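Here is how the chains run, residue by residue.
Protein chains: 4
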Amino acid sequence: MSFNTFGKIFRFTTWGESHGPAIGCIVDGCPPNINIKEQDIQSELNKRKPGQSKFTSQRKEDDKVQILSGIFEGKTTGTPISLIIYNKDMRSRDYETIKNKFRPGHADFTYLKKYGIRDYRGGGRQSARETASRVAAGAIAKKVLENKIGKKFKVIGAVTQLGILGCDIKKWNDKEIRKNSFFCPDKSIVKLWKKYLLSIRKSGSSCGAIIQVRARGLPIGLGAPIYSKLDMDIASAMMSINAVKGVNIGSGMNSAQLTGEQNSDEISQKGKKIKFNSNNAGGILGGISTGQEIIVSFAVKPTSSILKSRKTIDKFGKNTSISVKGRHDPCVGIRAVPVGEAMLNCVLLDHYLMNKAQCS
Amino acid sequence: MSFNTFGKIFRFTTWGESHGPAIGCIVDGCPPNINIKEQDIQSELNKRKPGQSKFTSQRKEDDKVQILSGIFEGKTTGTPISLIIYNKDMRSRDYETIKNKFRPGHADFTYLKKYGIRDYRGGGRQSARETASRVAAGAIAKKVLENKIGKKFKVIGAVTQLGILGCDIKKWNDKEIRKNSFFCPDKSIVKLWKKYLLSIRKSGSSCGAIIQVRARGLPIGLGAPIYSKLDMDIASAMMSINAVKGVNIGSGMNSAQLTGEQNSDEISQKGKKIKFNSNNAGGILGGISTGQEIIVSFAVKPTSSILKSRKTIDKFGKNTSISVKGRHDPCVGIRAVPVGEAMLNCVLLDHYLMNKAQCS
Amino acid sequence: MSFNTFGKIFRFTTWGESHGPAIGCIVDGCPPNINIKEQDIQSELNKRKPGQSKFTSQRKEDDKVQILSGIFEGKTTGTPISLIIYNKDMRSRDYETIKNKFRPGHADFTYLKKYGIRDYRGGGRQSARETASRVAAGAIAKKVLENKIGKKFKVIGAVTQLGILGCDIKKWNDKEIRKNSFFCPDKSIVKLWKKYLLSIRKSGSSCGAIIQVRARGLPIGLGAPIYSKLDMDIASAMMSINAVKGVNIGSGMNSAQLTGEQNSDEISQKGKKIKFNSNNAGGILGGISTGQEIIVSFAVKPTSSILKSRKTIDKFGKNTSISVKGRHDPCVGIRAVPVGEAMLNCVLLDHYLMNKAQCS
Amino acid sequence: MSFNTFGKIFRFTTWGESHGPAIGCIVDGCPPNINIKEQDIQSELNKRKPGQSKFTSQRKEDDKVQILSGIFEGKTTGTPISLIIYNKDMRSRDYETIKNKFRPGHADFTYLKKYGIRDYRGGGRQSARETASRVAAGAIAKKVLENKIGKKFKVIGAVTQLGILGCDIKKWNDKEIRKNSFFCPDKSIVKLWKKYLLSIRKSGSSCGAIIQVRARGLPIGLGAPIYSKLDMDIASAMMSINAVKGVNIGSGMNSAQLTGEQNSDEISQKGKKIKFNSNNAGGILGGISTGQEIIVSFAVKPTSSILKSRKTIDKFGKNTSISVKGRHDPCVGIRAVPVGEAMLNCVLLDHYLMNKAQCS
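Chains as they are written, first to last, in our numbering: chain A, 1 to 360; chain B, 1 to 360; chain C, 1 to 360; chain D, 1 to 360.
Looking at chain A on its own, in the form it has when it is part of the complex:
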């Protein structure tokens, strides 16, 4: 049981509330002798932090991470790595609204009903602020994988659908992703997305998104049959991210519409090189990596905190309505990209280490 811990061998435990003094995580099971600097973690955190464009929340969160343990003279020692991020810019705002009213689409209702108490300030524990800890843990996983597998290893994510607007997945270009405010991999659609999201924001509404994360350069054999399938753990990882409602591996939900011959990826070999002629499987067969690119997509629902008025009840059982003011992302999906990358890095390292235990 692990309410706040993710992973099996490479494990991280997150803690902290949105408006408490700090948030953080403990990364356990990290192999020794890996070079890790605060800057390695910070640079990943910077991708996620709000206030970077008008398309994300205007909160100023420095998200300055500190390493408190587990690194000695620049190297991991095999002991737990404790990371802390002190909370800043916690506006002394009036929480009275969300204190007593349940915001539709938020966990206010379920948390209070389950626990009989909750820290409502800024969403408390249910705030997506927790994902900063995931990004920090993922930065460490990434460094370990690069060290173990080599530079051919790469995890990269992008927004492939913004609300009702998809992009052309065939135009995916790694380099484009960091050049726009949407993590969009298709240069040709960026302008349209900009227009669309501005209009969404202006109207006091929000929209959802689909994020795709890919991993390249992996060995064959990560994952294990039945209840440690790689795709099972990836699904679990992505569905644990705030606001995620669906996960696809490869062709995902769409595979229902394919025939057997359309779906199953043919295999051929040239010299030592094994090639799959397509990748509907998303790089995973029978729960085990094929050596192809791992392809995962997940849907992030639209931000539930919107200006538009919504009917709800308060904690006393009275019917009322709510309009959530504040500095909210018009599309939280955008900032989910580094989170998805981080979770995939963590799952992959976990299975990389597990594979050592199973088959070495």
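Honestly, the hints are just simulated from the structure, not real lab data.
Hints may contain errors.
Since copy identity is lost for identical chains, a pair holds within one copy or between any two.
Unchecked claim - Below, in silico cross-link-like pairs of lysine to any residue (SDA-like), each with a Cα-Cα straight-line distance of 20 angstroms or less:
1. Lys-356 with Pro-32
2. Lys-315 with Asp-174
3. Lys-195 with Ile-164
4. Lys-154 with Ser-127
5. Lys-272 with Gly-317
6. Lys-191 with Asp-174
7. Lys-148 with Lys-356
8. Lys-315 with Gly-291
9. Lys-99 with Gly-74
10. Lys-311 with Thr-97
11. Lys-170 with Lys-273
12. Lys-311 with Ile-117
13. Lys-75 with Ser-43
14. Lys-54 with Ile-169
15. Lys-37 with Lys-308
No experiment lies behind these values; they were computed from the predicted model shown.
Once you have looked at the hints, place chains B, C and D on chain A.
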């Protein structure tokens, strides 16, 4: 780590290969003093077994379950329940084809590469035969939940899309589901599906499907924040089923296309009764059950064992092709319905018991 | 949580009641490509089975093990190994006595109070019969370790104290252990033990024992700091055996009486060979193996089923007394030797695999 | 797998090195709505901190704990509780000695061999400083148990043997324990212990100790058969404490020397009150609490850091010798008392919550 175990408190461990002497599972963490008879398990297994119509495999598997432990004088005792199903109808067929060639879409390739050995007979451990054990475990979970929550509790699944043909989800009718060979909830589409699947079968091909499973009558409060989210564990459960490539909770992948006001389910109260005006959330907010119906959908890819010839390689690295003969389901998704029900029952009981530990 | 599962990577789950149809276990996480035959397991079980001398229970239990899965063409495949032992010689005896009365020293009282139900026949789940499953799992662990570490690896246990009679530990001789009915390592004391135990048996009483298990040929580095210490897991393993009340590592409880200079094992090096000048640590420092012999001792309390009358209550709360007839071991500690060996083999393999995950 | 996490439902994860910026822990699985103040934790920490008498280390460690999450308006919310203790008084001492030489009896050798790197400053992660985190977690467990079970619940530990000097266990007096510098429960021996320990210290040596911890007021039914036995988890907990080499439950190792009739605790009933006429079982039968006092003893080996010169090798393989200067406890066992109490509190709460999951 749990390669072959699912669950946290209510846990089951499955074992067995398709053509070994038997398959089975151990159900651990089952509460004491619950009435369970072999027949309770058998009747669930009967829903899944092949050979029931021309739309499923023509293998004759009795799937006769025996209880070997954990039940005393008709009641659970709190000790592990060992269930065994002896394998029958293991045709002395020629396995030479699949022994050396990797069937596209199957785990043949990854298993052999990972482990350096595999029992290829009938797919061995990677065979969907393993899901019989899940159905058996799910039958026990169902009995416990009915005992603890009462008869208002119900889990029911259906096929909502067969290949390219969807059904009208608004016409969902529980009673229709058991009346046709497709677990189809919409009477009006059954004839068309029949025609379609016959043509698929005749052409030596196969098709995918989408299964939806619903749970009713649950209390508020199942699930837990962050890494024990109810939807996370459901996604994990469904993705662990053979051939599943995507999982949706409520509006799932489609929620990406909604706006905030379309997506977030408004709440109202009348007397003591809390009502959500829609259910895009699929009954789960912040990883915790809202008391609404839980709605899960998952996609099963088309059967990879097809008559149509496919390019592949053999284990010696030679390019070749394969055409899989035998008694295969033209749509394995159909028989995934009782498996999805079973997995949902197991996850729900697991969280029901966890909730007792957390909040009582 | 794992009520009936032991281990982290190499895990086994046991099931079965003393007088149910069968007992057995699932061994999960076993590496692939290890040669294992039923006979490898059977020969370990034979060490444990009762009826081998007049110093153990006169029950005839064949304890014939069958492998139901996980082995293909004589080799492990990485899938779960299911082992079953059908119960025989379940005398149709009158259980009325133990059905209603709580035998002092037994778990009758606590099981019934906790679960409200129990299978009382022959002790049900609480019977030491469960340890046959452990011995079977241990036989597999032993085979894997011999394969991975080589023939220098050896785990061997002995009874070092029988009731009030110790043996001379300095006279420990591996070869003597199998030559007598007590697993006694010191030839010179065997006669006296024989006399003593016969008198105990004649008087309708029983006695306790201390078992010592040693492991040789291990690499440095098994175990991990803090909560995966090797000694912590060994203590856990041994304390989980029925009737065990104390566990020592190396000098154990006696280390309290030593001074710092008496206790800490000095180290010296000659060429590449590191030598500890003593082994108070029992081969473990800071939870990690030093490469020395691992030395574990545990105390088994005297058999609680004795002919002598003992005061107790029945389940209706009435004061009464009980005298347990039947075929009981005058010293259950003797048959605990192969169980202790099995548990140590399992813990060591588990840590061997974990170490691969941590440091390779 | 949980290298730095202890527990199943109530879990804590510790982190930090002796001379890093801070140490701390995350307490997860704590029930909501429990009043907890920093002072509740601080007062337990104060029992453990060094420098309180001349019989413990003269380091000045304030061990000032801060709560960073999980408590809202004085109450637990069910989210993880993050505790931090900043390190102070980290003398800029010369670590060159222990940097390269392996101190006999310490984990220097095994850590470096396993991980290839270690933070040697003050023992790094292997320092008993980690136990401060355990005491903090235990303080929370204690508050929860008092809330759930009531004020009759009490865990109390004492030193029952100091080196070669035992105390009269029958004279155990709770009130005496806090009145002397040894946590000694027997007033009559205190003077002698004082003399003895002063002479040990003067000679530059150290001695071991036996600690006994008792828990009262517990319900029947904590624990579970086979691999979640209460005594198994207690043994695991105690053996995880630095320098512990042996664990006894009730009569422990001594039970080997008893006969069946001496050992098994007779039961009688008067009205509703069930009474055991003795407590060799230490309050646990078949792994489940009987309702009697839980009695655990464990041995702490003598401090390995002593002034007396010891032979050892350095990390370059050269034979040498070492004499450890500094502010070391002449008997680390003394400060292990609050640690043992804390660990028992944690195990008991864990099983209390597990019992809710199993049997409610």
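Against the structure, the hints come out as follows:
no. : hint                 : result
1   : Lys-356 with Pro-32  : both (15 angstroms within a copy, 12 angstroms between copies)
2   : Lys-315 with Asp-174 : neither (47 angstroms within a copy, 35 angstroms between copies)
3   : Lys-195 with Ile-164 : within (13 angstroms within a copy, 34 angstroms between copies)
4   : Lys-154 with Ser-127 : neither (29 angstroms within a copy, 32 angstroms between copies)
5   : Lys-272 with Gly-317 : between (67 angstroms within a copy, 8 angstroms between copies)
6   : Lys-191 with Asp-174 : within (18 angstroms within a copy, 47 angstroms between copies)
7   : Lys-148 with Lys-356 : both (12 angstroms within a copy, 14 angstroms between copies)
8   : Lys-315 with Gly-291 : between (52 angstroms within a copy, 16 angstroms between copies)
9   : Lys-99 with Gly-74   : between (44 angstroms within a copy, 17 angstroms between copies)
10  : Lys-311 with Thr-97  : within (14 angstroms within a copy, 62 angstroms between copies)
11  : Lys-170 with Lys-273 : neither (24 angstroms within a copy, 50 angstroms between copies)
12  : Lys-311 with Ile-117 : neither (23 angstroms within a copy, 50 angstroms between copies)
13  : Lys-75 with Ser-43   : within (18 angstroms within a copy, 36 angstroms between copies)
14  : Lys-54 with Ile-169  : neither (25 angstroms within a copy, 39 angstroms between copies)
15  : Lys-37 with Lys-308  : neither (44 angstroms within a copy, 40 angstroms between copies)
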